[in-house]
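Asker: Sequence:
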Amino acid sequence: MQMPSPDARVMAKKAQVVARLTAALGERGVIHDPAETRAYECDALTAYRCPPLSVVLPATTEEVSAALRICHEENVPVVPRGSGTSLAGGALPTADSVILGVSRMNRVLETDTADRIIRVQTGRTNLSVTGAVEELGFFYAPDPSSQLACAIAGNIAMNSGGAHCLKYGVTTNNLLGVTLVQMDGTVVELGGAHMDAGGLDLLGVVCGSEGQLGVVTEATLRILPKPEGALPVMLGYDSAEAAGACVADIIKAGVLPVAIEYMDRPCIRACEAFAHAGYPDCEALLIVEVEGSAEEIEHQLATILEIAKSHDPVEIRSAQDGDEAARIWLGRKSAFGAMGQINDYMCLDGTIPVSALPEVLRRIGELSDDYGLGVANVFHAGDGNMHPLILFDANKEGDLEKCEAMGADILKLCVEVGGCLTGEHGVGVEKRDLMSVQFEPVDLEAQMRVKDVFDPKWLLNPAKVFPLAASEGRRA
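56 is the number that UniProt numbering gives to position 56 of the sequence shown; each next residue is one higher, with no gaps.
To be clear, the hints were calculated from the coordinates, so they are not data collected in a lab. Incorrect hints may appear among the rest.
Heads up, simulated DSSO-like pairs for lysine-lysine below, C-alpha to C-alpha not over 30 Å straight-line [said to hold, decoys possible]:
1. K14 - K451
2. K457 - K14
3. K226 - K167
4. K412 - K402
5. K252 - K167
6. K309 - K167
7. K412 - K252
8. K396 - K412
9. K167 - K412
Could you put together the complete structure from these sequences and hints?
Answerer: Here it is as structure tokens:
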């Protein structure tokens, strides 16, 4: 009797899995036509692509549980996906995996202004969380640049931050509880509508775990009263070193602006062409925002401007009204898209001590000269979360590989000066083989043993975070 070919076995396996998933979720909840699954073959790190086995789009926690249980029984890997805005390949599928997207799960489940919480399904976009409570006088603080599109699920997976994280913290500082579905379909509740649940801090383990431990379907988030007022000021400098030194001195002085953002000349020009925000023409621009009552704003600005002037700025300009303030932030929030209109680029994400900003910016410039590739810098300067954009030509042979090598050197530099490989974009596939730069083998083993507990078969989000040889050996 002739044995079926490998291709025939793969097709039979796919048909079996798709049939079971369709029976559980219905036709609307399963995509398996290759032409339709192409939309899910990559995330925002578009340099890497792979068509998945199929895609499931559940609408409830119960449907997520059913889908995961089926994949667990069939030994099929699952890649959780929020909105696909990951810049580190966090939602990149493998050919044998099922993408589990939460985009249909976007409802507000509970709002409690007395306890200052909102509970949502995690397919809801970041900005729409604030949209649900702003008429009540509240907002949700974490604000990634992709907040119009990115999902709360991805924010939790990557522990995302944003421009205002200097004052309000990142996702983990604003996350109170989650509903987590494990790979075998088990549903567990972690935390809740209160601070610091008893026992092990499993919520802290899950936030930032990049879909390695389970699928978060619901989240209880902290909401905050809107401030009385806010004012952004722009500080222009003729060198990156001067701007970096200004940031370090503001933090050292004990002043806490709500945000300190940095852009260099290439980024300033691209964003100005897009937003017409009136950015000054300079080598380095800081956007510093303070908030509170009129008296608080005046007091904070007096200290900040005194420090800024000590570093010889070429221009200091304050927003004159709400419309100008909105344009200033529109330009900054649109930086990645604005740069994408003029050049191919790879966006990095590393974190450094604020005091190291001048040195790191200088050394990134040196690496740019060494590799012959341009760099545009835009980042959260207040907490040292760097986002260098390495410019390359995707159609030029060897340019992508050169870009990747330069990116690795920049991330190694971040670790060298006392920082880490990622601040908010995650490790994904982009940095997995650099993990040994930051962590000793014993540290990586401890992290992988945590995954052993949550996902013994290593089926969740394969080929991410951990060095590939280590994770594939675990899965085998």
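Asker: Determine for every hint whether it applies to the structure shown.
Answerer: We went through each hint and held it up to the structure:
no., hint, in the structure
1, K14 - K451, "holds (26 Å)"
2, K457 - K14, "holds (19 Å)"
3, K226 - K167, "holds (13 Å)"
4, K412 - K402, "holds (15 Å)"
5, K252 - K167, "holds (15 Å)"
6, K309 - K167, "holds (23 Å)"
7, K412 - K252, "holds (26 Å)"
8, K396 - K412, "holds (26 Å)"
9, K167 - K412, "holds (27 Å)"
Consistency with the previously given hints is maintained throughout, with no hint failing.
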